[in-house]
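All chains should be built: construct the whole structure from the sequences, respecting the hints.
Listed below, chain by chain, are the residues.
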Amino acid sequence: MLDTLVQTLLHALVLALVPPLLPGIVNKTKAVFAGRTGPPVLQLYYDLAKLAEKGIVLSRTTTWVFWAGPLAGVVTALLAGLLVPLGTHRAPISFPGDFVLFAYLLALGRFFTAAAALDTGSAFEGMGAAREVSFSPLAEPALFFGFLAAARVSGSLSLSGLLTGAWTSGWFASGGALLLVLAAWFVVLLAETCRIPFDDPNTHLELTMIHEVMVLDHGGPLLGLVLYGSSVKLFVLGALVVRLALPVPSGGPLPAWLLFGAGMAALAIGIGVVESVMARLRLVRVPQLLVTACLLSALGTVLVMR
Amino acid sequence: MSPAPPVEAALLLAAIALSLASGLPTLVRRDSEGAARLGALLAVGAGLAALAAAILGLAGRTGTVVDAAWPLPFGRLVLAVDPLSAAFLVPVSVVFPLASVYGLGYERGGANAAARRRTIRLFSGALAASIVVVTVARDGVVFLLAWEAMALSAFFLVTVEHEEAGIRRAGWTYLATTHVGTLALVAMVLLLRQRGGGLAWLPLPEGPAGTDAAILLLALVGFGAKAGLAPLHFWLPGAHAGAPSHVSALLSAVMLKTGLYGILRVSGLLPHVPVPLAALVLLAGAVTALLGVALAAGQADVKRVLAYSSVENVGIVAMGIGLALSGRAAGRPEWVLLGVAAAVFHTWVHALFKAALFLGAGSVVHATGTRAVDRLGGLLRRMPATGTAFVAGAAAAAVLPPFGGFAAEWLLYAGLLRAFLDPAHGLLLAPVGVATLALAGALAVTAFVRLAGTVLLGEPRSAAAERAHESPRTMTAPAILAAAAAAAAGLALPFLAPALERVASSWGGGSEARLVPTLAEAAALGPLTALLSSLAACVLVAALLVALAFRRRVIAGRPTWDCGYAAPSATMQYTARSFSTWVAERLAPPLLGVRTSPGRPSGLFPARVGFDSSTPEPVGERLLEPALSRAADRLGRLRRFQHGRLSSYLVVPVATLVVLLLWNALRAFWRLP
Numbered sequence: 001m002l003d004t005l006v007q008t009l010l011h012a013l014v015l016a017l018v019p020p021l022l023p024g025i026v027n028k029t030k031a032v033f034a035g036r037t038g039p040p041v042l043q044l045y046y047d048l049a050k051l052a053e054k055g056i057v058l059s060r061t062t063t064w065v066f067w068a069g070p071l072a073g074v075v076t077a078l079l080a081g082l083l084v085p086l087g088t089h090r091a092p093i094s095f096p097g098d099f100v101l102f103a104y105l106l107a108l109g110r111f112f113t114a115a116a117a118l119d120t121g122s123a124f125e126g127m128g129a130a131r132e133v134s135f136s137p138l139a140e141p142a143l144f145f146g147f148l149a150a151a152r153v154s155g156s157l158s159l160s161g162l163l164t165g166a167w168t169s170g171w172f173a174s175g176g177a178l179l180l181v182l183a184a185w186f187v188v189l190l191a192e193t194c195r196i197p198f199d200d201p202n203t204h205l206e207l208t209m210i211h212e213v214m215v216l217d218h219g220g221p222l223l224g225l226v227l228y229g230s231s232v233k234l235f236v237l238g239a240l241v242v243r244l245a246l247p248v249p250s251g252g253p254l255p256a257w258l259l260f261g262a263g264m265a266a267l268a269i270g271i272g273v274v275e276s277v278m279a280r281l282r283l284v285r286v287p288q289l290l291v292t293a294c295l296l297s298a299l300g301t302v303l304v305m306r
Numbered sequence: 307m308s309p310a311p312p313v314e315a316a317l318l319l320a321a322i323a324l325s326l327a328s329g330l331p332t333l334v335r336r337d338s339e340g341a342a343r344l345g346a347l348l349a350v351g352a353g354l355a356a357l358a359a360a361i362l363g364l365a366g367r368t369g370t371v372v373d374a375a376w377p378l379p380f381g382r383l384v385l386a387v388d389p390l391s392a393a394f395l396v397p398v399s400v401v402f403p404l405a406s407v408y409g410l411g412y413e414r415g416g417a418n419a420a421a422r423r424r425t426i427r428l429f430s431g432a433l434a435a436s437i438v439v440v441t442v443a444r445d446g447v448v449f450l451l452a453w454e455a456m457a458l459s460a461f462f463l464v465t466v467e468h469e470e471a472g473i474r475r476a477g478w479t480y481l482a483t484t485h486v487g488t489l490a491l492v493a494m495v496l497l498l499r500q501r502g503g504g505l506a507w508l509p510l511p512e513g514p515a516g517t518d519a520a521i522l523l524l525a526l527v528g529f530g531a532k533a534g535l536a537p538l539h540f541w542l543p544g545a546h547a548g549a550p551s552h553v554s555a556l557l558s559a560v561m562l563k564t565g566l567y568g569i570l571r572v573s574g575l576l577p578h579v580p581v582p583l584a585a586l587v588l589l590a591g592a593v594t595a596l597l598g599v600a601l602a603a604g605q606a607d608v609k610r611v612l613a614y615s616s617v618e619n620v621g622i623v624a625m626g627i628g629l630a631l632s633g634r635a636a637g638r639p640e641w642v643l644l645g646v647a648a649a650v651f652h653t654w655v656h657a658l659f660k661a662a663l664f665l666g667a668g669s670v671v672h673a674t675g676t677r678a679v680d681r682l683g684g685l686l687r688r689m690p691a692t693g694t695a696f697v698a699g700a701a702a703a704a705v706l707p708p709f710g711g712f713a714a715e716w717l718l719y720a721g722l723l724r725a726f727l728d729p730a731h732g733l734l735l736a737p738v739g740v741a742t743l744a745l746a747g748a749l750a751v752t753a754f755v756r757l758a759g760t761v762l763l764g765e766p767r768s769a770a771a772e773r774a775h776e777s778p779r780t781m782t783a784p785a786i787l788a789a790a791a792a793a794a795a796g797l798a799l800p801f802l803a804p805a806l807e808r809v810a811s812s813w814g815g816g817s818e819a820r821l822v823p824t825l826a827e828a829a830a831l832g833p834l835t836a837l838l839s840s841l842a843a844c845v846l847v848a849a850l851l852v853a854l855a856f857r858r859r860v861i862a863g864r865p866t867w868d869c870g871y872a873a874p875s876a877t878m879q880y881t882a883r884s885f886s887t888w889v890a891e892r893l894a895p896p897l898l899g900v901r902t903s904p905g906r907p908s909g910l911f912p913a914r915v916g917f918d919s920s921t922p923e924p925v926g927e928r929l930l931e932p933a934l935s936r937a938a939d940r941l942g943r944l945r946r947f948q949h950g951r952l953s954s955y956l957v958v959p960v961a962t963l964v965v966l967l968l969w970n971a972l973r974a975f976w977r978l979p
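These protein sequence lines map, in sequence, to chains W and F.
Start counting the first sequence at 1; every next residue gets the next number (the numbering used here).
Start counting the second sequence at 307; every next residue gets the next number (the numbering used here).
What the hints contain is simulated information worked out from the structure, not anything from laboratory work.
Where is the CB? At the ideal position from N, CA and C, for every residue including glycine.
Treat the hints with care, as some may be off.
What the hints assert, rightly or not - Label-pair restraints from in silico Cβ distances:
| id | chain 1 | residue 1 | chain 2 | residue 2 | range |
| --- | --- | --- | --- | --- | --- |
| 1 | F | R892 | W | V273 | 22 to 32 Å |
| 2 | F | P833 | W | R306 | 31 to 41 Å |
| 3 | F | V860 | W | V302 | 45 to 55 Å |
| 4 | W | L259 | F | P833 | 22 to 32 Å |
| 5 | W | G155 | F | R499 | 47 to 57 Å |
| 6 | F | P800 | W | A279 | 22 to 32 Å |
| 7 | W | M1 | F | P865 | 51 to 61 Å |
| 8 | W | T8 | F | A323 | 55 to 65 Å |
| 9 | F | P833 | W | S250 | 19 to 29 Å |
| 10 | W | R285 | F | Y871 | 23 to 33 Å |
| 11 | W | N202 | F | R892 | 25 to 35 Å |
| 12 | W | L254 | F | S840 | 22 to 32 Å |
In structure tokens, the structure reads:
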């Protein structure tokens, strides 16, 4: 009982505090590739602290929906994070079908982020919102087919069960299918968190970007919430990929958490590598890549259904 | 079936009588506000009576309400309530009173308002009464009569604004489609009679499988045409967009559901369900859901977006029915439980949020005089109550937790996932169903962000939207009520679970007491509700904290920064049409996409060019209409024989007579048999 409580607290603390580290690692990797020193790994924490001190400038066009965007982004990402197992076998909340809720929580965040962008009445932000909600439907089947394949392999319908079970039995029996799912999920991760090759998190004024343009008018603490929310989303979706790829070692919580941490760091470095060696795709290619991810994931499901 | 308790019978008959009566006051005194208020009061009474009857029925107090000799030579008048009937009484009992109260404000003003109000009141009363009868009729002829009364009332409601050619056209399309459907239903009733030996709708004994399959197919065509199952949905957007908005609410939120009820009722009578037909229903539902939502995302008319979203939701309910049928075909009671529960609960929730959306859209149309999405904008500031109800309705329609729409789809997901993991032989279509739901849900987010964002947020795109004003309380209150109920429905699901279980067990044969998990166990309702309520609580607490922490630091009333552009104007905003460029133009198959006719400037001194886009209904206007008008052209040649000269017409029977006489004479001559 006490053990569960400690694990839950640890989960909540890691979920709340670690996410801003990931963009730091990604940026450091990119800096190393480019031969620069780059910003400190903790840069996002500094940014958040700075933004929290500032004022909030509101446009006279906006309504309460403008506030709802950043709020929904943070709350949904954090709640979704309670469903994904991090270091241990079980997430604090786990029940059959919870992965459906996981996906729809992220959809809730997306709805209000896009609505808040439209609330400003700016053409830029409308464009970003349109792209965000037009491409994400293509990522959704890829995510769900992956859940189905892992559920079939592990025989469990909860996120904790299927991610853990996929490792204990799955990788030996249906490794090929899970590999396909892993590839598809990595693509989904890049698309949903707006990384290269889908979106460039560094640009603000380019017309070919998606996420950054939606939040142009959010400033001060609201911008801080947006940045924090998207780092939590990156962390949570990253945890999904890492937990599918890595086992939970036996021998207590310490090695488990260490392996998970190493996995997350490796993932962030991997994202940094992808961002360093690839250019952003032309916008018309984005749907094609997402459809490819869907097909990979669907193929994985078909393979395990034999 | 045993007789129902007298209370139940009295409530049902009162609901029917009060609904019919609600149109009378305005018929007698057409210009009086008092008469309209009396009519609305009667409608509220009818709704309360029907709701009470439905609650009693869902609580298990079921039985025959009326069993009397029928003066026509067809047997008996049988009305009975079981949990399934009671479940489908819920939408009409909630939406009809809301729409009637809403009408008090909405029907005022404009040319011919009094005459219009008379028509709306009379026929919406008749519509509500016939829907009640349709859900409780247990006899083929009574059912068909009520069905026809419903179809005709709806026709007169659709064509209230018959001065517009487009609306007349939509009305005729609807009338023709519904009658083709009724034709299939007549054949179905005759087959049922042949099969069961009577017109009463009792569970059928074992019999030839071919007839059962034919009955189910005819039901799918007849009821599918009413519900809007693809490809029979083509009449729906025109009819629902053209009707007055509170009537659209009644049609979309309530009348469509009678088609789904019919499929459930008739398939419940059959002893067996063939596996391919169950799969057909599931697939038809999936196709309808995707088609509906993909089309909803590209429409330029507020009410057409909502109408196509109804098509989507009908598809999702049909998927639930398909899952339940597959469960019966494969002998899996838990699929039946989850499928029926999902279908029924989705029906309820859809009735609520679609009523909120149509009533909200009605207020928008009333305030601005336009239904074009791209002429609106900035209405949340100008109409806060209507706008907030609309946002809540849109969030529910976009299947977002914790709203009711999500809880309904959750049940369907639970059923499909269970079917997918079934140890013996999983349902092959289950992954298709899950992926369809996921894709449709994400597209619904696209469609409703676009709709709510363009209509309510940003700056007004026309002078009419600039001048918009909030509607009177009779119009905002029903919309808010419906939206609040739709939002709360998700959290109320565990309390409604026993009723849903009763519906499922009464549909799936009832008497056989098999070991089925409860709905709460099968769908993990406990943790789901806990999480949904904590989501709601977290959002509220976070909003409160942020508001408290940063309230002092707000610098309000500035222009939108917009990358520092100095002179932004409302027309520079992203329009709904550009918003859906990807979904409705580039990614959609050509048949489903938006049709654009961009004028391109050419030459050294280009003339003025315009840009036009339209979203014709793919099945109705792009496929059927050209084919039908070609056929009509060909058949038009037969008109030569219809020239009106009596003398030539008389030649035809005389010539026939002569030919027959000659034939007879020759037969005798040649000694043919």
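So which of the earlier hints does this model not fit?
-> 6
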